[in-house]
Each structure stands twice: as structure tokens, then as C-alpha cells.
Amino acid sequence: MKRRDLLRMGGLAALGAAAAACGSGGGTGAAGATELQFMYWGSTFEKAAIEKMLKAFEQKKQGVKVKPVFTPDEYDVKLNSLVAGGKTPDLGYVPMSMSFRLAEQGNLVNLFPYLQKYPQLAGYLPDAYLWYGPDKLHGVATANEIELLWYSKSAVAQAGVAPPPAVASSAWSWDQLVENAYKLTVDQNGKHPDESGFDPKQVRQFGISISVTYAAAWYGFLRSNGADFADEAGKKCLLDSPEAIQVFQNLQDLIYKHRVAPGPGQLAATGDDVPGTNILLKTKRVAMVVDGHWALLDMNESKVDYGIGVLPKYAEPFTTSQVAGASSVFSGTKHVEEAVELFAFHIDPQYVDLYKQGLWMPQERKYYEDQAAIDSWTKNDGHPPEFRTAVVDYARDHGVPDLRNRVKNLSAISSDVLTPALQEIESGKKPAAETLKAIAPKITGMLQGWQHTQEP
Amino acid sequence: MAGMSGQRRMERRWGLLMALPALLGFVIFTAGPMVASLAFSLTDWQVGGTPAFVGLGNYTELAGDELFWKSLSATTYYTLGAVPLVLIVSFAVAMLLNQKVRGLPIWRTIFYLPTLVPAIANVVLWIWIFNPDFGLLNSLLRQAGLPTGQWIYDEAMAIPSLIVMSTWGFGNTMVIFLAGLQGVPRHLYEAVSIDGGGPWRRFWHVTLPMMTPTIFYNLVVGVVGTFQVFNQAYVMTEGGPNNATLFYVYYLFRIAFKESEMGYASALAWVLFMIIVVITFLLFRNARRWVYYEMAGAR
Amino acid sequence: MTAVEAPPRSPRAGRVAPTAGLRGGRRYGKVLLYVALVAGAVPTLLPFVWLVRSALMQDAQMFVAPPEWIPSPFQWSNFTEALTAQPFWLYFVNTVIIAVISVLGTVLTCSVAAFSFSRLRWRGRNVAFAVLLSGVMLPYAVTLIPTFVMWQELGALDTYLPLTVPSWFAGAGGGVFNVFLLRQFFLTIPFELDEAAYIDGASPWRVFWTIVMPLSKPAIVVVTIFTFIGTWNDFLGPLLYLNDEEKYTLSLGLASFQSIYLTQWGYLMAASAAVIAPIIALFFFLQRYFIEGVTLTGIKN
Chain X
1 MKRRDLLRMG GLAALGAAAA ACGSGGGTGA AGATELQFMY WGSTFEKAAI
51 EKMLKAFEQK KQGVKVKPVF TPDEYDVKLN SLVAGGKTPD LGYVPMSMSF
101 RLAEQGNLVN LFPYLQKYPQ LAGYLPDAYL WYGPDKLHGV ATANEIELLW
151 YSKSAVAQAG VAPPPAVASS AWSWDQLVEN AYKLTVDQNG KHPDESGFDP
201 KQVRQFGISI SVTYAAAWYG FLRSNGADFA DEAGKKCLLD SPEAIQVFQN
251 LQDLIYKHRV APGPGQLAAT GDDVPGTNIL LKTKRVAMVV DGHWALLDMN
301 ESKVDYGIGV LPKYAEPFTT SQVAGASSVF SGTKHVEEAV ELFAFHIDPQ
351 YVDLYKQGLW MPQERKYYED QAAIDSWTKN DGHPPEFRTA VVDYARDHGV
401 PDLRNRVKNL SAISSDVLTP ALQEIESGKK PAAETLKAIA PKITGMLQGW
451 QHTQEP
Chain A
1001 MAGMSGQRRM ERRWGLLMAL PALLGFVIFT AGPMVASLAF SLTDWQVGGT
1051 PAFVGLGNYT ELAGDELFWK SLSATTYYTL GAVPLVLIVS FAVAMLLNQK
1101 VRGLPIWRTI FYLPTLVPAI ANVVLWIWIF NPDFGLLNSL LRQAGLPTGQ
1151 WIYDEAMAIP SLIVMSTWGF GNTMVIFLAG LQGVPRHLYE AVSIDGGGPW
1201 RRFWHVTLPM MTPTIFYNLV VGVVGTFQVF NQAYVMTEGG PNNATLFYVY
1251 YLFRIAFKES EMGYASALAW VLFMIIVVIT FLLFRNARRW VYYEMAGAR
Chain Y
2001 MTAVEAPPRS PRAGRVAPTA GLRGGRRYGK VLLYVALVAG AVPTLLPFVW
2051 LVRSALMQDA QMFVAPPEWI PSPFQWSNFT EALTAQPFWL YFVNTVIIAV
2101 ISVLGTVLTC SVAAFSFSRL RWRGRNVAFA VLLSGVMLPY AVTLIPTFVM
2151 WQELGALDTY LPLTVPSWFA GAGGGVFNVF LLRQFFLTIP FELDEAAYID
2201 GASPWRVFWT IVMPLSKPAI VVVTIFTFIG TWNDFLGPLL YLNDEEKYTL
2251 SLGLASFQSI YLTQWGYLMA ASAAVIAPII ALFFFLQRYF IEGVTLTGIK
2301 N
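Chains as they are written, first to last, in this note's numbering: chain X, 1 to 456; chain A, 1001 to 1299; chain Y, 2001 to 2301.
All the pointers check out, no bait thrown in.
In silico BS3-like cross-links for lysine-lysine, where the CA-CA straight-line distance does not exceed 25 Å:
hint, chain 1, residue 1, chain 2, residue 2
1, X, Lys-356, X, Lys-379
2, X, Lys-136, A, Lys-1258
3, X, Lys-408, X, Lys-236
4, X, Lys-430, X, Lys-201
5, X, Lys-437, X, Lys-257
6, X, Lys-153, X, Lys-303
7, X, Lys-60, X, Lys-334
8, X, Lys-303, X, Lys-356
9, X, Lys-55, X, Lys-334
10, X, Lys-236, X, Lys-430
11, X, Lys-117, X, Lys-65
12, X, Lys-442, A, Lys-1258
13, X, Lys-55, Y, Lys-2247
14, X, Lys-153, X, Lys-284
15, Y, Lys-2247, X, Lys-87
16, A, Lys-1070, X, Lys-430
17, X, Lys-67, X, Lys-47
18, X, Lys-87, X, Lys-47
19, A, Lys-1258, X, Lys-47
20, A, Lys-1258, X, Lys-235
21, A, Lys-1070, X, Lys-437
22, X, Lys-61, X, Lys-117
23, A, Lys-1258, X, Lys-236
24, Y, Lys-2217, A, Lys-1100
25, X, Lys-284, X, Lys-201
26, X, Lys-65, X, Lys-52
27, X, Lys-442, A, Lys-1070
28, X, Lys-67, Y, Lys-2247
29, Y, Lys-2247, X, Lys-52
30, A, Lys-1258, X, Lys-408
31, Y, Lys-2247, X, Lys-47
32, Y, Lys-2030, A, Lys-1100
33, X, Lys-136, X, Lys-117
34, X, Lys-65, Y, Lys-2247
35, A, Lys-1070, X, Lys-429
36, X, Lys-67, X, Lys-87
37, X, Lys-257, X, Lys-183
38, A, Lys-1258, X, Lys-87
Source of the hints: derived by calculation from the structure; they are not laboratory data.
This is chain X alone, in the form it adopts within the complex (with noise of 0.2 Å):
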């Protein structure tokens, strides 16, 4: 029996109603003109900048329409709805827990033949393409985003630590940022952890946060360990390696043993965590946060006195990239061409916003690399100084793209082991590698190779 013969079934059991006719995608307006349907979600903020972009491209596409279709949250329900019902959009954002697994069932336009017609498209970073096989592309991660060492410039200098650097060569080690650490954490009597009488329970400033629970968080640490989460060929769980067992014990010295940062729920800083980045910095509960690079649209917002450093490096520096969901474009589109030049359309920093307002970074290679595209979207009030190193220099040369991106099977690795586990270490209950070895088997049994990659 077929899906939708089994949905009819269901849905239909008592009316019997004729079914509409039901073609999927955008159709044609009356008065002739193309519609394409855009799907996509975002704050107030970012609706506004897309709209403007979707206008933009309306006015250079004459004879298109786009229909914005903004859903602001619960976006997997109603995309998983509208897939169901064969009913997709043309094209628009994808979450990553479902990109792939549309892609492999047929469910999004193979980019791959397009790269060869719109050159836009063949000149993005190499990690912001998403394969789901050999010559088979099913999108672009919609921004690129990096992690970084965030810090209140005023706590740094009361303390009278040297500021993070700026430079990825000149990166703390780890012990360098648990020594600063220590000098950025404060008590109610101004006592730091390493003087006696120190008072872990009444913490006024914290010197450092990184969630254990986030992986675009740690990712860069474990790979620039020299560990991995999986082997190379993806079948096997490589969290119980000493290298890995490592970072995670320094994850969670740092609250338990060190006291230098929050532990759990505390103040955790993850993106969607409460509160934000920008308020641990300017409230000054932290001084240094380690948070996406997106946190500068806030930053700015909320007139933080914020530095923005690079991670600290075992050996290495690495920091994750390419942390944002998927753009793609449905098969079920009657208007293929026109919803490919809108996908390439909508990242193009020319007609968003967003990038000179900091919560995007570009996917053009270009935007990296020749300098009059780097200062169109860096060179404003927006952006700091240190912004050229500390983050395009670095996401550049030093990004390795995020798990979710790259390993099969992930979403549910990570909601059914990896958190719970992640979240036992945070809770300082066992020692990590207890944890770790409990659960890298487990994952194993889990794990269904890396997700393919290639040249454009």
C-alpha cells in the first residue's frame, strides 16, 4: 500500500470527498506569473531581512513571485506535514535532523547538475555543501557560523589578564585558559578559587563558560586533540580514546574541580539558552563565553563592552563551522530553475542584511579571500576590528564542520545517547571517561558511516 493511499484511507475513511487535485509546489498565478513558495523561520529580525531579500529578487526576476511562508517554530511538524501531504514549498530551510534523510528519499533537487550553470554556486566554502552521495548535493548549509571565545573587556582588564588572542597561531593552550580562568573568578568577597576561603556557592563572576552539552561547542577542542568522534570510516564511536576522554575531563574540571565555571543550567550559553551570551558579558556573571558567532547581532544590540577572541587549542587550533540547517530546494517544485536561482539568490550578501548585521557569515569562498568582498560585509560599526583574524581569517583556515553535518544517523545518536551521556559528565557525577566508555559501544551500534564528501 502507498503512503498517501494510506493517509487517504485514514483521512478520508468517512467523507469520501472527492480528493483536490494535488499537485505539489508552487503553482501558476492568474495573471500568469510564476510563485514560488519560500519556506522559512527566524526571528522578527531576521524577517525583515528576508523579506526585503525575496522582494529584491522579485524586482530583479520579473514575472516571479515568492511567497514567504514564515514559521516561526515547531518548523520539523509542519515540514514533515507538508511532506506527507506531498504539498512541500519550492524551496526554503531545512532543519538538519531532516535534510538528508528528504534528500535520500528523493525529496530535494540535486544541486549537483546546477554548479556547472550558475558559477555562484560552485564558489562556496567546500564544507557548506552537504552530499548526500557521490555527485548527489542537496544543499547548502544556509550560513556559515563558527564558535568563539567571547569576553567582557572590562572584566579581562580589572583582572589584569591579557585579553584572548585575536590570532589563530597565538591561541591559549588549555592550561593558559584555565590559568586566566582562575584570575576571572570571583566571589562575593572577591576571593578566587585558588585562595582559601574561596565560596563555590556564592560565585559573583565566572571566569569561563563552554556547554558540555552543545557539540558544536567541543568539536573543535576534540579534533584539535587529534581525537575524532568516529573513525574514518565512520563506524566506529572514538568518545572513549584517551585524547577524547581529555577534552571532556578538562570540559568538566573546569566546574568541578577548577570551579571556574557554571555547572549545569547554570549559565549555560548555547544559542537558545536563557539568558543570552551578550547578557552573561554585560551583567558580567562571566567573563569569557564561548558561544557562535551569530552572538555579535546581540552583542552589538545590547552595547556590550565585548572582545571576541579564538578557542584555545591543544594542539592544532580548530573551532567548528558550518553549524547552521540546511537550504535546499524540494523535487516537488514545478519551477526548478527559477527556485535554483532564488536558492543562490537568498545567501548572496549583495541582497541580505544579514551579514553586515552580523548574524550571518558568508558561504562565498570570495567573502574570505579577496579583500574588497571581505570589507562589504565586515568593514562596518558592526563588526570589531579583531573580526578580520579572529573570525574570517580563522573560520577560513581553521573551521572544521560540525557533526550534525557530517555524521549519519546523528540526530538520533544525539537525542537517544550522546546528550544523556554529555549531560552525566556536566553533572560532574562520574569521571568523564567512566561515561565515555559506557557509551562508545553503544554509539557504534548507532553509527552508519560519515556522510560523503567531494570537490564542487
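Since the structure of chain X is provided, determine the placement of chains A and Y on it from the hints.
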């Protein structure tokens, strides 16, 4: 006798007619999707792909699914704690708000407010209350010289914390009790008073028995709803820490919409359905012993 | 109507002498009553006070630790900016339309059904009721997609039909709780009233409309409040079925102050406070129907 059977006929005709919208609604809007999901539960179907019939495969897989058992026990634990607590608190508040006091409309509105505050504002508030470092709860405990806790960030304390939080959701149950209290005939109270009974006697011999239909309703709805508890895990704990608050429907939701495994999710749903049906059936059967209905005399 | 006069479970009335000093006891009781009200009001007011103070704060102050309660400065602009950031007036009108249609349908069809399930005898009644009730026992997550596809096949996507039509069929699905609720209340009304009316030649509809409904005002108010608030706050329904922003509702408007990268806390809190103001007013207005003695007066007349 002829008149009686005429009455019967009329009741049957009107009974069906008046139940018709509800029955039609069930057949049109509820039954179809239910049947569909039952059919899905017999397939391996990822949304967007083609379903493959697997018989009872999903159900046998369930039995070996560690997280299924974990979520079932977390949900049962939560239900056993939250349902009685909310019932007692809301009954007490309803009694309180049924007294003659000044500014009654304002008092009633105040006590209903927590139900109206949007979930997101509530979540931010409770995250602050439970914050181990500077949260309200630990601050109060510290001032009282009592030991503090990690609350929702501690595996053992997470569900008790959420049960405490659920108490603030007493508003709807309370309003139903409040409405129920209006149906307790005053003359029954007077009868007890004339016999010299005090407030306790009035409560035990009039209020409580007369309120049993309402209590029964709130109990059933509470059990049915709480077994499907979802929001707190979804917006506050994401099932954590270490799956401590992995509530059944949250787990199901994750499988249905993150993994799009609608076949397996449907099997999960039908297992929960059976559990709730059995419990509700037992509640209804048991109700004959303690719920008082007016029809007892007449019919 | 003598049966009505008999207490339900004849309270075994012990002969206790009337308490002396009753007046003193009453006064003492009154004081206790107010103490209890105030003690209860503090924790119940907490979420609301939290919301209002947050709505008037700048984001940075909202999260300082330990928390502050008095906004400084008072950020009144949160309200003006939040409510103009999106077409909230339009969303308000849309939401009211959906809510009013839903309340009317739910109250009417649910009470009619509840009357049938509680006060009319027909074969299969209890089985039908049980089947109806089972509809709320299956998690909606697995019926959501088939329901969505059904409305799509009917060509009703991007209309208010999926959000309103079920309410005219006793609220189909979750609305069954209302039928159950009303049934429980109807069952507490003395049956002698019906019988007397039938002897006078009344039809069941007449009994329903002139006897049972007027005696059930508190329960009907409960259903009204629940349905209104439920529709007002419904997020998933409008999100799934509406595509056109012209048709969006308040809850969709609220959600867009929050995203993965960025939450405009001040706006979110201010808009939330503004959005619940009408339902607070509605409750304040409707709670007056929770007054004692409705049943009694009904019977005495």
C-alpha cells in the same frame, strides 16, 4: 405502560439526534486519523518515504527499547505525583474562593492568573526559580538554613521539581471545582447545621459527596492529560538530565518529528492509548462505588 | 419533588449542641480566610508579576542575578515597539474571529451532546460515550499528519476551516472533554425536573433548553473560558494550517520574537503581557457566574 414506551421512543430518537454532532465529529475528524495511525503502527514508515508493512514488528521492537521503558516509568512517576497534588490544591483553592470575601472577583482572577501566563514567560521564570546558583528556591532555602538542591538539573530531583511546578497549573481544575461547588444545594448545608453539624461535618457529608462527579471528572481528565505530559520536557528539560524527564509523549514526539519515524511513533502512541484506556476503564468501574449521581433515585 | 429535599447520603446527624461563641469563631475564621488568601496569592501572582516586570525591563536587567523587581528604567517602549513590529491588530482580529466561532460551536454542540449522554436513555449510549472519550487518549502527535492531509485533500489549507469547523462537531477530539464535563454537571441536576416537564408534554429539546441549560450556567461558563483560552493560545493549529501571514494569529506573532539565534526578550514579554490582557478581562467578567445557589433557585421555582 404505553406512555412509558412512548417516552422511551422519544428519548431514543432525541438522544441519537442530539448526540449526532458529536458522533459525526468523531467519525469525520477523529476516527479516520486514529485508524490511519493504527495502520502506520504496522509499518516501517519514515515521513517522505514509502511505508513497508512490518506487522507487529514495531511493537516487538518496543519491548526491547530501553528508552521506551525509561519514558514509561518517568511518566508514571510524574502522573502519580502531579495528579493527586493538583487535585488537592485546586480543590482547596476552589473552597477558598467560594467563600464570601471582599473583592472576590479579584481574588478569583489572581488565583487563575498562573494559568493565563504564556508558557514561555513561565519557563523563563521557573528556570530562574530552579537555578541552583542564584535561583529563588535555593536562596530561600539558604536563608532558612536548609540544604539546597540542583532541582531540574539533578537526575533524582528533576521529576519531583516538575511535579512541584505543575501545582501552579491548578487554575483550570480549580475553576471546574468552583463551578461544581455552585451545584451543591444550600438546603443540604442547612439541614446539617440544623442538626448541629459544624463546618467539618458539612464538608464531609455534603460538599464532598455532592462534588464526587466533579472530582471524578477532574481525576479522569487529570490522568488522561498527565499521562500525555509533554510541554515541560519539551521546553524546559529536553528530557534531561540523562533522560530523567524523558516523558513518554516527548519521546514519541521526538521520534515522530525529529526522526520522522511515524511507524514506530504510532506504535508508541497506541501502546500509551491502551494503557490510558485500561486505566480510565478501571476508574469508571470503580466510580460506581464512590461517585454520587442524582439519577440514583430516579433511574 | 420531595426527593430533592433528601440529602444525598443522609448525613448521619449527630446531636451536637450549637456552639457557643459562634460569632467569635466566625470572626476568627474570617481572619484566617484572608490570611489564607494572601498566602496563596503570593506564589500565584509570582508568574504574572514576573511577566509584567520583564515586559518593562531592558534585556540586561531582566537577567541580572539576584533578580530585580523594579524596572530601571521603565522600558515602556517594549510595548510600543513589540506591538508595532508585527501587525498585531490584524492578528488580534483574526484570533477573535476564530475564538468566537469556536466558542459558539463548542458550547452549543457539546452541551447538546452532553444532555443526550446524561439525561436521555438510548441503546448504546454508554458505548458511544466511551468511544468518543477514547479520542483524547491517543497522543495527537500521530494523528496530526493524517488530519493535516485530510484538510489538504479537502482543499481547506490556508483557511480557518480546520481551526473552526471541528468545534461545531462537539469540538471533535479535545472537545470531548467538554462533553464529559457538561455531562458530569448535568448528572447532578435532579431528574424529577425532567420527568415533570415530560408529563406536561415537553420535548427533550425543551427540557434541555429551559431546565438543564439555565441550571448549568457555571459549567457552561467553564467551557466558554476553556475554549476561548484554548483557541487564543493555540499555536500548532494556526502554524500548520495557515500559510498566509494576513491570516496569522496572535500566538504565531508571539513566537516570532524568539528564534534559535536571537530572542527579543523585552518584546516577547511585553507582547505576551498584551496578548493575555483580553483573556484576563474575560475571566474577570465571566467568573461572576460562579455564584452559589443557582441550582437551588432553579429548583425552588
